[in-house]
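Asks: Work out the full structure, taking the sequences as your base and the hints as a guide.
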Amino acid sequence: AGETLTVGVPSPFIQNWIHKHFRLALLQVARSLVGPAATVRLDVDPALVLKTSSGTNCATKPDSPDQAAARHRRSAPARTDRPHSERTAKRPKRQFADLSDFVKGPCNELALMAVRQVCEQPGCRLNPLFIHGSVGTGKTHLLEGCYRLLRRKHPRLNVLFLTSESFANYFTQALGERTLPSFRQRFRTVDVLLLDDVDFLNGKRVIQEEFLHTVQQLEARRCQLVVTSDRHPRLLTRLSDELVSRFVSGLVCRLESPDLETRQQIVRRKAAGLEAELTTDALDYVATRFRNNVRELEGALNCLSAHYVMLRKPIGVADARRLLSDLERDCVRLIRLADIEQAVCEMFGVRPDDLRSAKRQRSVSQPRMLAMFLARKHTQAAYREIGQYFGGRNHSTVL
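Mapping of the sequence shown onto our numbering: position 369 corresponds to residue 369, and the numbering continues sequentially without gaps.
Derived from the structure by calculation, the hints contain no laboratory data.
Don't be surprised by glycine CBs; every beta carbon is placed ideally from N, CA and C.
You may find that some hints are simply not true.
Stated by the list, open to error - Computed Cβ-Cβ distance ranges for the label pairs, DEER-style: (1) Arg156 x Asp326: 48 to 54 Å; (2) Gln121 x Thr6: 37 to 43 Å; (3) Leu162 x Glu242: 20 to 26 Å; (4) Gln265 x Thr6: 54 to 60 Å; (5) Val317 x Lys359: 37 to 43 Å; (6) Ser134 x Arg178: 36 to 42 Å; (7) Val206 x Ala343: 36 to 42 Å; (8) His19 x Asn202: 50 to 56 Å; (9) Asp353 x Arg152: 40 to 46 Å.
Replies: Below, the structure is given as C-alpha cells:
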C-alpha cells in the first residue's frame, strides 16, 4: 500500500530471520520498483501459518529476479560449504513410530487407550496426559504414534513434537540471539504439544519457568499437552511445584516392564521383520530371559539375526542360549538404593526428600523403615551406607 512493500511470512521466526539477513536486499528491490521513499514491512500471514502447521509442503513464492540475484551474490563465495550442504540435504527425516506397531498388554494398556483418546479429541479430555516409566517401556513410541495419528486425523492442527532437551536448547539460543518473542510465538501458538523426557528439566529453574508460562498459555487456549518422563511427576523433586501440580491435574499413566505374554508378542512381531530363521523355542527363550525392557529384547534378536546372516542356518534354543550368554549376563538387573527409594515413594505417595528427612510422623517413618529393610535384603550396601543414604542415620537404626 502506498510506498510500502508488504511481504507475507509464515511465522515470527522466519520474520526475524529475513529481517536479519535480507532486509537491505528487500529494501533495494522495493526502491527500484516504487521509488527512493519506499519501505519494507514483513507481516505474519495467518494463511501461511495454517499451511505450515497442516504439515503440507506449501509452495514458496518464487524470488523476483533481483532477490534471486541478491541470494546468488550472497551464496557465491561460500563454495567451500557445498559438501556440508549436500550432506545436510541428503540427511533422512526422522521416522516416527506408529501406534499400530505398539504391542498392547497389561503393562501399557491404560497409557495406550489414553493416547488414542487424546488423538480422537485433543484438548477435550485427559489434558494434560503424563506418561512415565523406566527406559525401554515404550514412552517415546507412544508419543511418536500420538504425533502421527494426530497429523492423520486432524491435518489442520498445529502439532509439535520435541524433546525437553530441544526445548531447552531453543530457549538458550533465543536468549543468546535476543529472539524470545519468536521463540514464544512458536511454542505458545501450537494446538498440541508433545514433550518427551520432561525429567531433563529437573533442576533447570529458568527453563522450567519459561516452560511453565508456555503451559499456562496452552491451558488458557485449551490446547492438548502430552508429556513423558522416567518417573512420576511427584518424584521429580527439583521440578517446580506449579509444573507438578499441573501434571497431576490430568491423567498420569505408568508403563510397567512388559510381562511374559507381552514380551512374547513383541519378540514374534519384531522377529518377523528380521532376516533370520529363528525357531519358536529360541524366540520363547529370548522372551523368558530378557525381562526388563523392549530394548533388551531388540538387542538379543539383533544378535541372533547377525549370526544367522553369517552362518545361514536356523537358530534354535541351544544356539540362542550360547550366543546370548554374554548379553544375558550384562542384562542382569542390580537393585540400587535409588530403585528402592523410588518404589517406596510411589507405593506410599511420599517424596524422596521426606524419606531422607528427620521427620518422625508415622506416614513418613514407616515407609522409611520399609525402605531400609528392603535395602538390607536386596542390595549389597553396608548398614552405614544405607543409614547415610536415608538421612544420615546411624547404622544401628538400620538394624
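Asks: Does each hint fit the structure? Answer for all of them.
Replies: Hint check:
no. : hint                        : verdict
1   : Arg156 x Asp326: 48 to 54 Å : holds (52 Å)
2   : Gln121 x Thr6: 37 to 43 Å   : holds (38 Å)
3   : Leu162 x Glu242: 20 to 26 Å : holds (21 Å)
4   : Gln265 x Thr6: 54 to 60 Å   : holds (58 Å)
5   : Val317 x Lys359: 37 to 43 Å : violated (53 Å)
6   : Ser134 x Arg178: 36 to 42 Å : holds (40 Å)
7   : Val206 x Ala343: 36 to 42 Å : violated (32 Å)
8   : His19 x Asn202: 50 to 56 Å  : violated (36 Å)
9   : Asp353 x Arg152: 40 to 46 Å : holds (43 Å)
When the structure is compared with the earlier hints, violations turn up for hints 5, 7 and 8 and for no others.
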